[in-house]
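Number of protein chains: 2
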Amino acid sequence: MKRVVIVGVGFGGLRAAMALAGKGMEVVLLDRQNYHLFQPLLYQVATASLEQESIAYPIRAMVRRWEGVNFRLAEVCGVDLENRRLSIPGDFIEYDYLVLAAGSITNFFGMESVERNAYDLKKLDHAVDLRNQVLGSFERAARESDPARRRALLTFVIVGGGPTGVEFAGALAELDRFVLTKDYPELQAIAPRVILVEAMDRLLAAFPAELQEYTLEKLKRMGVEVMLNTRVSGAEPERVFLHDGTVIPAHTLFWSAGVRVAPLADSIPVPKKSAGRIPVEPDLSLAGHPEVFVVGDLAYLEQDGKPLPMVASVAMQEGDYAGKAILARYLDKQFPPFRFHDKGSMATIGRSAAVATAYGKNYSGFLAWLVWLGLHLYYLIGFRNRLLVLLNWSYYYILYERQIRLITREGEGGSCE
Amino acid sequence: MKRVVIVGVGFGGLRAAMALAGKGMEVVLLDRQNYHLFQPLLYQVATASLEQESIAYPIRAMVRRWEGVNFRLAEVCGVDLENRRLSIPGDFIEYDYLVLAAGSITNFFGMESVERNAYDLKKLDHAVDLRNQVLGSFERAARESDPARRRALLTFVIVGGGPTGVEFAGALAELDRFVLTKDYPELQAIAPRVILVEAMDRLLAAFPAELQEYTLEKLKRMGVEVMLNTRVSGAEPERVFLHDGTVIPAHTLFWSAGVRVAPLADSIPVPKKSAGRIPVEPDLSLAGHPEVFVVGDLAYLEQDGKPLPMVASVAMQEGDYAGKAILARYLDKQFPPFRFHDKGSMATIGRSAAVATAYGKNYSGFLAWLVWLGLHLYYLIGFRNRLLVLLNWSYYYILYERQIRLITREGEGGSCE
Chain P
2 MKRVVIVGVG
12 FGGLRAAMAL
22 AGKGMEVVLL
32 DRQNYHLFQP
42 LLYQVATASL
52 EQESIAYPIR
62 AMVRRWEGVN
72 FRLAEVCGVD
82 LENRRLSIPG
92 DFIEYDYLVL
102 AAGSITNFFG
112 MESVERNAYD
122 LKKLDHAVDL
132 RNQVLGSFER
142 AARESDPARR
152 RALLTFVIVG
162 GGPTGVEFAG
172 ALAELDRFVL
182 TKDYPELQAI
192 APRVILVEAM
202 DRLLAAFPAE
212 LQEYTLEKLK
222 RMGVEVMLNT
232 RVSGAEPERV
242 FLHDGTVIPA
252 HTLFWSAGVR
262 VAPLADSIPV
272 PKKSAGRIPV
282 EPDLSLAGHP
292 EVFVVGDLAY
302 LEQDGKPLPM
312 VASVAMQEGD
322 YAGKAILARY
332 LDKQFPPFRF
342 HDKGSMATIG
352 RSAAVATAYG
362 KNYSGFLAWL
372 VWLGLHLYYL
382 IGFRNRLLVL
392 LNWSYYYILY
402 ERQIRLITRE
412 GEGGSCE
Chain G
2 MKRVVIVGVG
12 FGGLRAAMAL
22 AGKGMEVVLL
32 DRQNYHLFQP
42 LLYQVATASL
52 EQESIAYPIR
62 AMVRRWEGVN
72 FRLAEVCGVD
82 LENRRLSIPG
92 DFIEYDYLVL
102 AAGSITNFFG
112 MESVERNAYD
122 LKKLDHAVDL
132 RNQVLGSFER
142 AARESDPARR
152 RALLTFVIVG
162 GGPTGVEFAG
172 ALAELDRFVL
182 TKDYPELQAI
192 APRVILVEAM
202 DRLLAAFPAE
212 LQEYTLEKLK
222 RMGVEVMLNT
232 RVSGAEPERV
242 FLHDGTVIPA
252 HTLFWSAGVR
262 VAPLADSIPV
272 PKKSAGRIPV
282 EPDLSLAGHP
292 EVFVVGDLAY
302 LEQDGKPLPM
312 VASVAMQEGD
322 YAGKAILARY
332 LDKQFPPFRF
342 HDKGSMATIG
352 RSAAVATAYG
362 KNYSGFLAWL
372 VWLGLHLYYL
382 IGFRNRLLVL
392 LNWSYYYILY
402 ERQIRLITRE
412 GEGGSCE
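Protein sequences, first through last, are from chains P and G. So for the first sequence, the working numbering puts the first residue at 2; every next one is plus one. So for the second sequence, the working numbering puts the first residue at 2; every next one is plus one.
Chain P with its partners taken away, still in its complex shape (with noise of 0.2 Å):
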């Protein structure tokens, strides 16, 4: 039987495995973790919003009901395109197939002050890192008598105005409008100031100017400060530099604002494109490796004179092209270039609140947001999984109220040494 190996279990990995399952192909899925994580949901962990729990569904129990589909839970440390396998700690894999859905990293752009200071946004953990740490500031300025300390504590810096930096200032304006200003009657007379910076001269640079606008009035009605044309140039724990000399006293610094491929990536000897992406074929394969399939952030492939983006939606259509066409090769059959078809693009802003792009029309507000909440509840995996979002949802809309906001980092009372 011929194996395929598929190294991550991310929207493309996944999509693969479920094209591939039932077919008369033995199919190894590797990843890190035993779980796959609908990461876009990953800023509602980090704002109280969601159980990380929810966003995360175990890959055995999806696996156990594919024929054929196996996993392992392995680092992948090296591609070997020669001989066929990868090495894994302590053992290497032999594939007849391969499909690398490895994912990306953020990408700190060589900023080590940034990288050593700043919070992001592609693990499970990181989530609740950033949950603690702006539980913990909002516990650490209830105790300050500074008031300086005090307004540092409680000021956000979040770089990045693509819908990850938008969905998270949003959210934590939230956060801090509903639900904190309650909690903490010793911080009433602070106001807690969440300041989106972003490089460009406009936020979601991806979206149409009407709904760049409709965001940016959104976010400032929320009480965000958007700082446009403006980027960030290092940080210390309690500050962030701006490149214009500016310093913004702030103890929470979240970054958004770039990624870049798996390292991973480094294992294939071919010149790569920016973010460190491996160009393919049209068919998604590796120019002279046919038998090697590249998908998602990973894959560089120009669509009509533009390189297809690093999002979710082209992970999915790419994973299960690859798995087709496998098959498709296996069977010796034809099998047409791979095309993405853009459904559109969304991101959600706040409460009624979202903006998105649907075959060529644009949609904000409350239609916007019905849709972008039925969406990823659709894409959510596991009945479970989706009827505790819809819950926690459903609570928040009716009630202001986020439960998760539990500081589980340890050490926060202080020390008494």
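To be clear, the hints were calculated from the coordinates, so they are not data collected in a lab. Some hints here could point you the wrong way.
[To be verified] Here are the simulated DSS-like cross-link-like pairs (lysine-lysine), alpha carbons at most 27 Å apart as the crow flies: (1) 3(P) / 183(G); (2) 344(P) / 123(P); (3) 183(P) / 24(G); (4) 221(G) / 362(G); (5) 334(P) / 24(P); (6) 274(G) / 325(G); (7) 3(G) / 183(P); (8) 124(P) / 124(G); (9) 24(P) / 183(G); (10) 3(P) / 334(P); (11) 273(P) / 325(P).
Given the structure is predicted, the values throughout are model-derived calculations rather than measurements.
Add chain G to chain P, keeping to what the hints say.
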């Protein structure tokens, strides 16, 4: 306004605060965590049944509805009885009345090798650590080629035949049998071992003999190996040593064979009772300090010639009493001495199986199990948490599925170095 300071927001501290809320006194709650933890369900977090968030409730969410009550996230370093103040990191808090409700920690009875290698269940992160360990052991076993090591990875030794040990053993045996054996087709040939070690000649020592026997029989039928009259003498990462010289190769050791009071008790200069408990007057106050009350696991009080046990129901009644006694003292009223009303105790063993005593009668099986479910839901704080737990339990009961089998510990996929 007179100030009451309550140390610890467990079952005892919480009830004291509830009794004092809105009564014209200033109440300050102190805890090192920002949430009330429902400890009796920790073992269900450890066995992938419940989200950690569903058994924790943010204290400020309660306190903001309670007039005159404030919360401060702080470690308490010491009590200065003479000057009526507590030291916390970098500060002091003065009190007119004090309620000490700091609870207990695990007692390893000085066995350092056990303390180093064993898991216990007193805090939220303990439960997550234990879940990671159980699930991680299955993953490591799945990729282990040496049969002896594989067997040791799938051997779980539980020490202590009290409610926590029994409940964890039962839940773990069911997790293995109903969930994990389906998740790991590569481990079909090996039955995981759950070993329950108890020093006495019976389980659940505080229960009537009839229920002890029921529990023993039920656990055995569920595949748990119960070793009575057996003591653990030491441990290594992959081995557990028994007093009689037996060595059990096992990578997971869980310790629930004893508790002792929180270290804060050291700052109360009185001779302690067993487990380090602080002897109190019939009204739960400290001899010579009528303004200081000690409740819950911390307090030692005999009733009808026997010490009250270190259990949640005692802590709740004592906390409530202390709150009311402080009010009475403040209003210069007489107040009768504390008396514990034993409504019974219970432990669950598995699906549809529990034991309970209530008002002198014994119950076992399905009925006891239903009562167990109902009472735990009732005592759990917050509508949302109750709903979540009920959903999870229903889900498991109907589908034999425990969804939260996520390994959140880093590095489980091995290291490439």
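Hint by hint, here is what the structure shows:
| no. | hint | result |
| --- | --- | --- |
| 1 | 3(P) / 183(G) | holds (24 Å) |
| 2 | 344(P) / 123(P) | holds (24 Å) |
| 3 | 183(P) / 24(G) | holds (21 Å) |
| 4 | 221(G) / 362(G) | holds (24 Å) |
| 5 | 334(P) / 24(P) | holds (15 Å) |
| 6 | 274(G) / 325(G) | holds (26 Å) |
| 7 | 3(G) / 183(P) | holds (24 Å) |
| 8 | 124(P) / 124(G) | holds (24 Å) |
| 9 | 24(P) / 183(G) | holds (21 Å) |
| 10 | 3(P) / 334(P) | holds (16 Å) |
| 11 | 273(P) / 325(P) | holds (26 Å) |
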